[in-house]
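First to last, the protein sequences are chains X and A.
Take 5 as the starting number for the first sequence in this note's numbering and just add one per residue.
Take 3 as the starting number for the second sequence in this note's numbering and just add one per residue.
Derived by calculation from the structure, the hints in this document are not laboratory data.
It should be emphasised that the depicted structure is a prediction, and the values quoted were computed from it without experimental measurement.
Take these hints with a grain of salt, some might be off.
To be verified - Reference excerpt, derived from the structure (chain X facing chain A, CB under 7 angstroms, subset only): (1) Ala30; (2) Glu72; (3) Arg73.
Stated by the list, open to error - Away from chain X, derived, C-beta distances all over 10 angstroms, residues of chain A: (4) Leu19; (5) Glu25; (6) Arg37; (7) Lys50; (8) Ser51; (9) Ala53; (10) Ala203; (11) Phe424; (12) Gly428; (13) Gly551; (14) Ala853.
The beta carbon of each residue, even a glycine, is placed where N, CA and C say it ideally should be.
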Amino acid sequence: MPEILGEFEQLVMLTVLRLDDGAYTAAVRQELQERAGRDVSPGAIFTTLERLEDRGLVTSRYGDPTPERGGRRKRYYRLRPEGRRALASSLETLRRVAAGLDARLVRP
Amino acid sequence: MSRTPPRAANRLLRSWLTDEAFEIVVGDLDEEFARGRSVAWYWRQALKSAAAHGAGRLVSGTLTFTGDLRIAARTIARQRRLALVATLTLGLGVALAATVLTAVNAYLIRGLPYPEAHRLHNVGLFRPGMDLPPKLETLDWHTLDDLIDVAISWDLDLFNLRGAPYAEAVQSTWVTPGYMEGFGVGTAMGRPFGPQDFAAASPPVAIISHRLWQTRFNGDPNIIGRHFESFAIDRPDEIGVFTIVGVLPERHWHLQAYTDILAPLKTPNVPYVVRLRDGVSAQAAADRVTALVRARHEMPAAWSASVESMEAAYVLTVRPLLLTLSAAAGLVLLIASANVAVLLLIRAAGRRPELAMRRALGASALRVARMLIAEAVVLGAAASLLGVILAEVLVQTLAPLADRQFGRAVPGGPAAFQMDGFVLLGVAAAGLLIVIVCSIVPIWASMRSTSSAPVSVGQKSATGSRAQQRARTLLVVTEIGACLALLVSAVVMVQSGLRILNTDVGVRTDGVQVTSMSLRQASYPTPASRIALLDRVAAETAGIAGLHGVAFTNSWPLQAPPQREVRGDIADDPRPSRAGLQAVSARYFDVLGVPIVDGRAFGPADVISATRVAVVSATLAGRTWPGQRAIGRRLRVLPPATAPPGTMPGDFEVIGVAADTRHSHTDTDTADVFVALSQFGTGAPFVYLRTGGDPPVIFTGFRSALARIDEGVVTGSLRPLGDILDRQRAGPRFLAQLLVVFAAMSTLLALIGLHGVIAYAAGQRRREIAIRMAVGASRGSIAAMFLRQGAVIVLAGLVAGIAGALALGGLLQSQLFGVSANDPVVIGLTASAFGLCAFAASFIPARRAAAADPAEALKGE
């Protein structure tokens, strides 16, 4: 039984997947803002990723410190296989449940 | 132009986020800020981040906190001595607080065990020192029905039960319908009284207590409908056959213990207690009662009826006692907590390398704080647990004594003197206080010391951070202050107690036992017949082995007798004088060991037909006939103001002057008139027996002798006179004892705390001391340095303590006798003595520090 993911967790994981090697927290934040139109705080992004990491769905590594970060390191994330499976299963569930309802959703 | 991110936002995140989160979150913020985001944006995102991170961690935090607790428990358990000292100290503090709270709960919080007891009010119609106006019961009390829901009245009585298995006097009450309704009296078996039971012609019925049912009727299951035969002391001519219609519940409690038999009171009676209607104020009721009485009776202009809360009146004397104890227990708990906090702080300073290491390895300030809180929680929980166990022992010990120690029966009986949910809640609050005191201060100190300046692991600082040092100093100042306040209270209470114990009531109580007798009106209708009986009793009991004397009076032992206005035979004497009046038998002075300082005591010649004679107390003699001999003078005793008009004053010839006696240790007016019982008689004498052997054996002899004269004369129980006196002193003595224990405990704790702080400071500064000595400082100057530090702490504590003592004195004053709670001499002396002890406590470690070998100290580095 794969992990059940919350909506925000799905968004974050999809963004990490999309950003591929460039998936560090600030990038995830900006991508979410552009694509989902959501202004999420860095703290919320980090907390979510931290939680996903605790659950074994993502993995992380530190990058090099950069001057614009005040000498602080970036932290990059990738999906682990378990994360991919959980995300796929979540989206599949969503698709199945939503199947055939598109027409009704757009009707006034 | 280079912009810098807002530092305050940065600091906020630093204290709120884990170090891991901090690095990433602030990195992100700075990165976007560098790309042109505004300061406002930075702040908004910082706040949102803190909130998001905090909320996420709250869930996981509670999970990890249980883990923290386990670690904390292990940490504390490893330091056995600290754990033991801290748990014991705090446990004792909690136990005292819980015990005092149990008493507060039993007397003040739970209140009297009657339905809606707050609506019950005592009605007082008395004028001090005077009897009630006559015929008040015939007033139309129903005109007050708009204010009074239930009018409650009763008549306490002794029922003398006749027949098998033995004649027995039991404490009983004639009750009104209002009594049953107003006090919510129900029955466990049978029925309560109905309206028909109060009809004048109805057959006598009774409800008996569980105790009487069990003892006299052997718990007969068919008790309802059984009869008993009795005559009541107040109605001696009505031998009644009562039908038992009900049995009271086993836990029935009433504030008067006269509950073995309840019987319907069929005559109208003045309401003693009223249950006011909802929202009616006591003052409004008092005004209406005053008007009702004035409409019929001429009362002095200043007179008014009083209507006061029954609960407040019941605990009037207990309340200041309990408030003082509460304050004292609170102070002890505070001192204990402060002491443990000092210990923890000292340890925290020792742990600075550890804490710095943790921080360096990435633990956030929050994480370190959580660790310290966890340790405080473990200590608080252990202490609360120990406290509850100890308190249970204390409460069980105190419960049977509470009636006596507090001078008032526990509302609901001794079984109600128990720890309940409320007390446990109080213990939890005490535990929380401990946790807060024991964690806040170390956390605050550790924050100050570890976050502002990077501390290299292993660095030997002087005395811990300034913050820690200040926190310790503050705690010890608090301890010393609280302790001095307690000490002063204890000293004045002991002073007052000693004064009470040393107050000579003028009566030799040792070997004197008291009982009472009741004579039936039918058998002894005239004063002469009553006097004759008492003479016979005195004569027939004279031969009982060990019984050295028998005396009778008409006045309760060691209670103020009625006060009367008296006049000497000095013409136009402008000074009206008041004196207590009682009738005593010939041997009264001899049995109670009261010397006759002039003239003679009563004798066989003082009979009804002879000239009426009186013995006056030395005070009264001196006041009435200053500088003259009282013997042979005439004394007029005026009738009470409430006596029927035309009552003649009594004129007496003074035949003797007795040494002053007091009716209680607080009795300040020793003016008394004694008249001869052999000239008046009484139907309900109190009997003093001077015994020289086993009182119960002698009493049995006395009772048999009495039975040979008349089996119908009933005697009460036997009590040592000393007991009655002890009972009067019980409250103040109890308070004095407890305060001494509290003060001793806290003195010990405060001195340990002070010693610990100075010793620790000295230990930390060994290197500095060594260097100072190496460059020529003398041992004296080193010791002086620490003494100065101690002196400042002690002085600050003493100032706080004097303020505390003055505040506590306000609570204490009502419990004191002949001593002021704010006596500057007492406060000064106590403060000096305590100050010296405290100074000594800092002297020992200071000297030790100075005595250290500098070479050794430096080698240790």
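Looking at the structure, which of the earlier hints fail to hold? When the structure is compared with the hints, numbers 4, 5, 6, 7, 8, 9 turn out to be violated.
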